[in-house]
Amino acid sequence: MKAVDGLTLRIKKGEIYALIGANGSGKSTTVNMLTGALAPTSGSITVLGIEMPKQRHQVAARIGVAPQEYSVYSDLTLEQNARFFARLYGMDSRRFEARFHEMTEILRLEGKERTLVSNFSGGMKRRASILCSLIHEPEVVFFDEATVGVDPVLRAFLWGYFRSLSKGGLTILLTSHVMDEAGKADRIGLLRAGKLVDEGEPDNLMARHNARSIEEVFLKLSEKEFSNE
Amino acid sequence: MSKGNRNRFSSRRTAAVAGRVLTQIRRDKRTLGMMMLMPALIMLIFGFALGGQVSNIPILVDNQDSGYTANLGPSSISLHLGSQLTESLQNDSTVSVTIGTFSSGVSGVDSGTYSAAIFIPSNFSQTMLQKSRGMNTTPSIELYIDGTKPALDAGVMGALQGSVQNASGVKGFSLIQHYAFGGVKFSGLDVSLPSVIAFVLTFLVLLISLLTITRETTSGTLPRLYTTPLTAFERLLGYTIALLLLSILMVAVILVIGVGLFGAVVRGNLALLFSSAVLYALTNVLLAVFLSNFAKNELQAVQLAPLIAFPSMALSGMLVPVTTLPTWIQPLSKIIPMYYANQLFEGIMLKGYDVGTLSFTFLIVICMAILFFVLALSTVKDRMD
Numbered sequence: 424m425k426a427v428d429g430l431t432l433r434i435k436k437g438e439i440y441a442l443i444g445a446n447g448s449g450k451s452t453t454v455n456m457l458t459g460a461l462a463p464t465s466g467s468i469t470v471l472g473i474e475m476p477k478q479r480h481q482v483a484a485r486i487g488v489a490p491q492e493y494s495v496y497s498d499l500t501l502e503q504n505a506r507f508f509a510r511l512y513g514m515d516s517r518r519f520e521a522r523f524h525e526m527t528e529i530l531r532l533e534g535k536e537r538t539l540v541s542n543f544s545g546g547m548k549r550r551a552s553i554l555c556s557l558i559h560e561p562e563v564v565f566f567d568e569a570t571v572g573v574d575p576v577l578r579a580f581l582w583g584y585f586r587s588l589s590k591g592g593l594t595i596l597l598t599s600h601v602m603d604e605a606g607k608a609d610r611i612g613l614l615r616a617g618k619l620v621d622e623g624e625p626d627n628l629m630a631r632h633n634a635r636s637i638e639e640v641f642l643k644l645s646e647k648e649f650s651n652e
Numbered sequence: 228m229s230k231g232n233r234n235r236f237s238s239r240r241t242a243a244v245a246g247r248v249l250t251q252i253r254r255d256k257r258t259l260g261m262m263m264l265m266p267a268l269i270m271l272i273f274g275f276a277l278g279g280q281v282s283n284i285p286i287l288v289d290n291q292d293s294g295y296t297a298n299l300g301p302s303s304i305s306l307h308l309g310s311q312l313t314e315s316l317q318n319d320s321t322v323s324v325t326i327g328t329f330s331s332g333v334s335g336v337d338s339g340t341y342s343a344a345i346f347i348p349s350n351f352s353q354t355m356l357q358k359s360r361g362m363n364t365t366p367s368i369e370l371y372i373d374g375t376k377p378a379l380d381a382g383v384m385g386a387l388q389g390s391v392q393n394a395s396g397v398k399g400f401s402l403i404q405h406y407a408f409g410g411v412k413f414s415g416l417d418v419s420l421p422s423v424i425a426f427v428l429t430f431l432v433l434l435i436s437l438l439t440i441t442r443e444t445t446s447g448t449l450p451r452l453y454t455t456p457l458t459a460f461e462r463l464l465g466y467t468i469a470l471l472l473l474s475i476l477m478v479a480v481i482l483v484i485g486v487g488l489f490g491a492v493v494r495g496n497l498a499l500l501f502s503s504a505v506l507y508a509l510t511n512v513l514l515a516v517f518l519s520n521f522a523k524n525e526l527q528a529v530q531l532a533p534l535i536a537f538p539s540m541a542l543s544g545m546l547v548p549v550t551t552l553p554t555w556i557q558p559l560s561k562i563i564p565m566y567y568a569n570q571l572f573e574g575i576m577l578k579g580y581d582v583g584t585l586s587f588t589f590l591i592v593i594c595m596a597i598l599f600f601v602l603a604l605s606t607v608k609d610r611m612d
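Protein chains in written order, with the working numbering: chain A, 424 to 652; chain Z, 228 to 612.
Some clues are possibly wrong.
[Claimed, not checked] List time: in silico DSSO-like cross-link candidates among lysine-lysine, alpha-carbon distance up to 30 angstroms:
#1 K590/A - K425/A
#2 K548/A - K358/Z
#3 K523/Z - K477/A
#4 K643/A - K607/A
#5 K523/Z - K425/A
#6 K643/A - K425/A
#7 K523/Z - K608/Z
#8 K477/A - K608/Z
[Claimed, not checked] Which bits of chain Z does chain A cover? Going by a derived footprint, with three or more residues having C-beta under 8 angstroms, they are:
#9 437 to 449
#10 456 to 465
Keep in mind the hints are simulated off the structure, nothing from the lab.
The beta carbon of each residue, even a glycine, is placed where N, CA and C say it ideally should be.
All chains should be built: construct the whole structure from the sequences, respecting the hints.
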């Protein structure tokens, strides 16, 4: 069985691209292939102009990843987690201190530096995971279901943060199964059963399908597929 | 259970828990297989290992007895008691006799080639005959025996006594017995502590290492690491270094209790003992690093430790000397790391060997450590399936 089939994506520098689709539509598989954690059976992937997964060790230091699972060590403190990842990316201690301090402020985790991640709430773990993915100032970042299980206030905050990062030149690929929040992205790719069913800027997509929301676009595309089958 | 009907014992609820646990175990095919395989394997190994009889203990016999011809009136009798004794020993399957000079036998016992060397002096038959005629002489046989392996020592003594009974007329000689190692008879604790140390290191280092490494797999952080510049080599080496440092602490605790509290005999260099224990611990860390590539979760990891440790206990010479194992099992002992750990620890603690004497054993352990790391590297996953 193929989780992702014949998918063609092109994401520009500084863009926020949202890959949306239902659970099991192949979003995580796509992200794992783009980050080099999973090898595709066929096709080609280039990240930052470098071929993946062949030369993934060259790409690795320049990308950040916040996987769907929290993927931080729950038996370490926030600072220990961040420092571990920073060291994997070859950051020196001074640059780390400054960056970590800045990031805890932005992500509102100040005062929690010495707290074990196991004592964090879901939203805090999510922010901790995002912090660790950005600690080394990557050029491209992959957020897999970054806003899952996050309350509306934090979600709005995170989107504001993603937008400011993108203005700073960071390329963001995120996945979500919450259709409406994807409307805040620059471009959206709709994934269904491992295939890209449509792609475009949110407004264009809605106009093209005569829909008032991204969710409606998605539902209409799903109906079409059902009738085709 | 005190608050009315609702809290009464429910067999359905109980059955639900039992059913759920069984379903979960059934899903974990490896655990299920292990639960069937492991008891069978351990029973078979221990059965074969302990059911063996002491046999083929290597000894050297130097028979210098020139025989004696006694004139008894008209007839004369010729006595060759030394030859009779030697032949009888050669026919005894308990021991495997090499004929040679006593001095080569002594150095052979010192270096571990032989378990004992026996010297029969040239006047043995003569003095035996004289004694039987009531003359005041003391016929003697010299025995140079290892002294670190009670089962083997007993085997040699048994064979010697049996042969004495077979060689008619050999009675009332005195056995001049020397122990190769210090001339002291070690206590049961002294002779078993080296292999106890080896076993504790095998079991605990494997268990703790496997659990520590498998935690990465179950915590979900591994896929995240695949996306960083961290290479598989760096990751495995990182695990190894951390676990080696923990093992050094473990070795220190073991030696403090073994030597400090129980006063275990350490005839060799204590620093050498410490280093060789750390080396052996490292070998087990690397074995665990290799095996962890095949453990999907902590439960499977926990099963791997006894799967290695128990056969090691049975086959490494800890329970019974390897020479007493059935011959077809003995080659298996030679591929078990703990066999060499026993040799190192016994060598240093009981026999006072130095690095030079043990260099070959050290080399084998080092090669095993390298082999495990190479195997670990060649089976490690560098990305998701």
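Hint-by-hint comparison with the structure:
1. K590/A - K425/A: It is violated: about 36 angstroms lies between the C-alpha atoms, which goes past 30 angstroms.
2. K548/A - K358/Z: 93 angstroms, violated
3. K523/Z - K477/A: It holds: about 26 angstroms lies between the C-alpha atoms, which stays within 30 angstroms.
4. K643/A - K607/A: 20 angstroms, holds
5. K523/Z - K425/A: Since the Cα atoms of K523/Z and K425/A sit roughly 24 angstroms apart, the hinted pair holds (cutoff 30 angstroms).
6. K643/A - K425/A: Distance ~24 angstroms between K643/A and K425/A Cα, so the pair holds.
7. K523/Z - K608/Z: 12 angstroms, holds
8. K477/A - K608/Z: 15 angstroms, holds
9. 437 to 449: It holds: at least three residues are needed, and the stretch 437 to 449 of chain Z offers 3 whose Cβ sits within less than 8 angstroms of chain A.
10. 456 to 465: holds (count 3)
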